[in-house]
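Protein chains: 2
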Amino acid sequence: MISIHPLCDLPEIAAGDDLAALLRGSLASAGLLPLKAGDVLVVTQKILSKAEGRMIDLAAVEPGAEAVELAARTRKDARLVELVLQESVAIVRAAPHVLITRHRLGHVMANSGIDRSNIGPGESERALLLPVDPDGSARQLVEALSADSGGRVAVVISDSFGRPWRYGVVGVAIGAAGLPALVDRRGDQDRDGRRLEVTQIALADQIATAATLVTGEGAESVPAALIRGLSLPEGENGAAAIVRPAEEDLFR
Amino acid sequence: MISIHPLCDLPEIAAGDDLAALLRGSLASAGLLPLKAGDVLVVTQKILSKAEGRMIDLAAVEPGAEAVELAARTRKDARLVELVLQESVAIVRAAPHVLITRHRLGHVMANSGIDRSNIGPGESERALLLPVDPDGSARQLVEALSADSGGRVAVVISDSFGRPWRYGVVGVAIGAAGLPALVDRRGDQDRDGRRLEVTQIALADQIATAATLVTGEGAESVPAALIRGLSLPEGENGAAAIVRPAEEDLFR
Numbered sequence: 001m002i003s004i005h006p007l008c009d010l011p012e013i014a015a016g017d018d019l020a021a022l023l024r025g026s027l028a029s030a031g032l033l034p035l036k037a038g039d040v041l042v043v044t045q046k047i048l049s050k051a052e053g054r055m056i057d058l059a060a061v062e063p064g065a066e067a068v069e070l071a072a073r074t075r076k077d078a079r080l081v082e083l084v085l086q087e088s089v090a091i092v093r094a095a096p097h098v099l100i101t102r103h104r105l106g107h108v109m110a111n112s113g114i115d116r117s118n119i120g121p122g123e124s125e126r127a128l129l130l131p132v133d134p135d136g137s138a139r140q141l142v143e144a145l146s147a148d149s150g151g152r153v154a155v156v157i158s159d160s161f162g163r164p165w166r167y168g169v170v171g172v173a174i175g176a177a178g179l180p181a182l183v184d185r186r187g188d189q190d191r192d193g194r195r196l197e198v199t200q201i202a203l204a205d206q207i208a209t210a211a212t213l214v215t216g217e218g219a220e221s222v223p224a225a226l227i228r229g230l231s232l233p234e235g236e237n238g239a240a241a242i243v244r245p246a247e248e249d250l251f252r
Numbered sequence: 001m002i003s004i005h006p007l008c009d010l011p012e013i014a015a016g017d018d019l020a021a022l023l024r025g026s027l028a029s030a031g032l033l034p035l036k037a038g039d040v041l042v043v044t045q046k047i048l049s050k051a052e053g054r055m056i057d058l059a060a061v062e063p064g065a066e067a068v069e070l071a072a073r074t075r076k077d078a079r080l081v082e083l084v085l086q087e088s089v090a091i092v093r094a095a096p097h098v099l100i101t102r103h104r105l106g107h108v109m110a111n112s113g114i115d116r117s118n119i120g121p122g123e124s125e126r127a128l129l130l131p132v133d134p135d136g137s138a139r140q141l142v143e144a145l146s147a148d149s150g151g152r153v154a155v156v157i158s159d160s161f162g163r164p165w166r167y168g169v170v171g172v173a174i175g176a177a178g179l180p181a182l183v184d185r186r187g188d189q190d191r192d193g194r195r196l197e198v199t200q201i202a203l204a205d206q207i208a209t210a211a212t213l214v215t216g217e218g219a220e221s222v223p224a225a226l227i228r229g230l231s232l233p234e235g236e237n238g239a240a241a242i243v244r245p246a247e248e249d250l251f252r
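Same order as they appear, the protein sequences are chains A and B.
Read in the working numbering, the first sequence has 47 at position 47, and its numbers run on one by one without any break.
Read in the working numbering, the second sequence has 96 at position 96, and its numbers run on one by one without any break.
By construction, these hints were calculated from the structure, which means they are not laboratory data.
One or more of the hints may lead you astray.
Each pair may be met inside one copy or between any two copies, as identical chains are not told apart.
Stated by the list, open to error - SDA-like mimics (lysine to any residue), calculated; alpha carbons at most 20 Å apart, straight line:
id : residue 1 : residue 2
1  : Lys76     : Ser3
2  : Lys76     : Arg186
3  : Lys76     : Ser29
4  : Lys76     : Ile56
5  : Lys76     : Gly53
6  : Lys36     : Met1
7  : Lys76     : Thr199
8  : Lys76     : Ala14
9  : Lys76     : Leu32
10 : Lys76     : Ala30
11 : Lys76     : Gly106
12 : Lys36     : Glu62
13 : Lys36     : Val98
14 : Lys36     : Pro164
15 : Lys76     : His97
Since the structure is predicted, the reported quantities are computational estimates derived from the model, not experimental observations.
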């Protein structure tokens, strides 16, 4: 049996906050300490970005010529589009109200993952960028949280993405440490001795999505969750391992 | 707190089996009856397809000219490709070892969802097609399981899909009943009164993915899971509601 525990009582996070200490306090008050083998802490991108000071005052952003042109084409705020361009390595699709990019971290997502909703009272002119290095941040949280918990915890940094061909967002992992974000089973056999057709499993994406059942989106948002009871496979790689290079994309 | 319970003790499923009765027995022996409000039973596509007699003997398949040509191009079994074509409405991508189609149900997936692995001992020449009407089958399971359980259970039929831009499979819903597979929150506001940027949530996909944490893929497969503790939103629609028509795809 696997259980998913919402961590609800975190304070509003600000730049420079010690997120590991706050998460440890929240785990303690939820009765989830000591940590157990297989525990995975899922931290939403929003609070990690806030703790890392990734909130940008839009009034301070000077859109360049490309951003102005693209803003007109997508009917978006040119200052937001300037940030989207700074955060991305390629534009995948630009159309009215649609701007999908390949983020510098490799993820293909709307608006380079920049969020303007639910970032705090009176902050309508601010935008929240993705963390600089979510795999590295996950690694730091693993070290900080495992240090005095009597065991190791894995960490997944979650976000919500839209997808081609399907309506609605689902959770994805943009950072991971302490587990194999991508499980490679090439060479494994099924129970009849046939070679498995499914050979790679996006475990960190599955964990991020499972956590969204309690973290939700928007109005009901809970900023973190603990998943307990998993039998984590051996090996370790970050969310970067899930990113498929553009030239290897099977779907076009 | 949400819990995910594997249902492990189902027998090997054959065409014509009363899947609802077998699932009820498995729920009972796992101590999960009576069902509770918010319970969602996730049933893997494989056992539903087997119960519905969707196993095809490849020796009886006569590949047509298009299948023979496409099999050469993709280096796949022409009989399998014939089935893939019969099950699909469009080819999205064909390349060596890659054949991605839009299934007649609307889902974009490899090989029209046809599975040759792990379908039973000595069955290497057989292929398992998707259920004919997974939303309808989910509805039937809802009715059958809710009838004598003192409450209503929702049902999600799960499968595993690869995705553009990301390595590894995740769970998706190909059928659902008793819950809103797609939750539409257009018009809702976040906690600061701003209009939500994320307005549609693929709840059934999230639930299917969460269940894969216990149902797994291939060797360790568990054919069904019960998810307990969700606060399901009002409304009801099937997995068909998640399918985005090709002409509305935002990503190209």
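In ascending order, which of the hints set out earlier in this document are inconsistent with the structure?
1, 3, 5, 8, 9, 10, 11, 12, 13, 14
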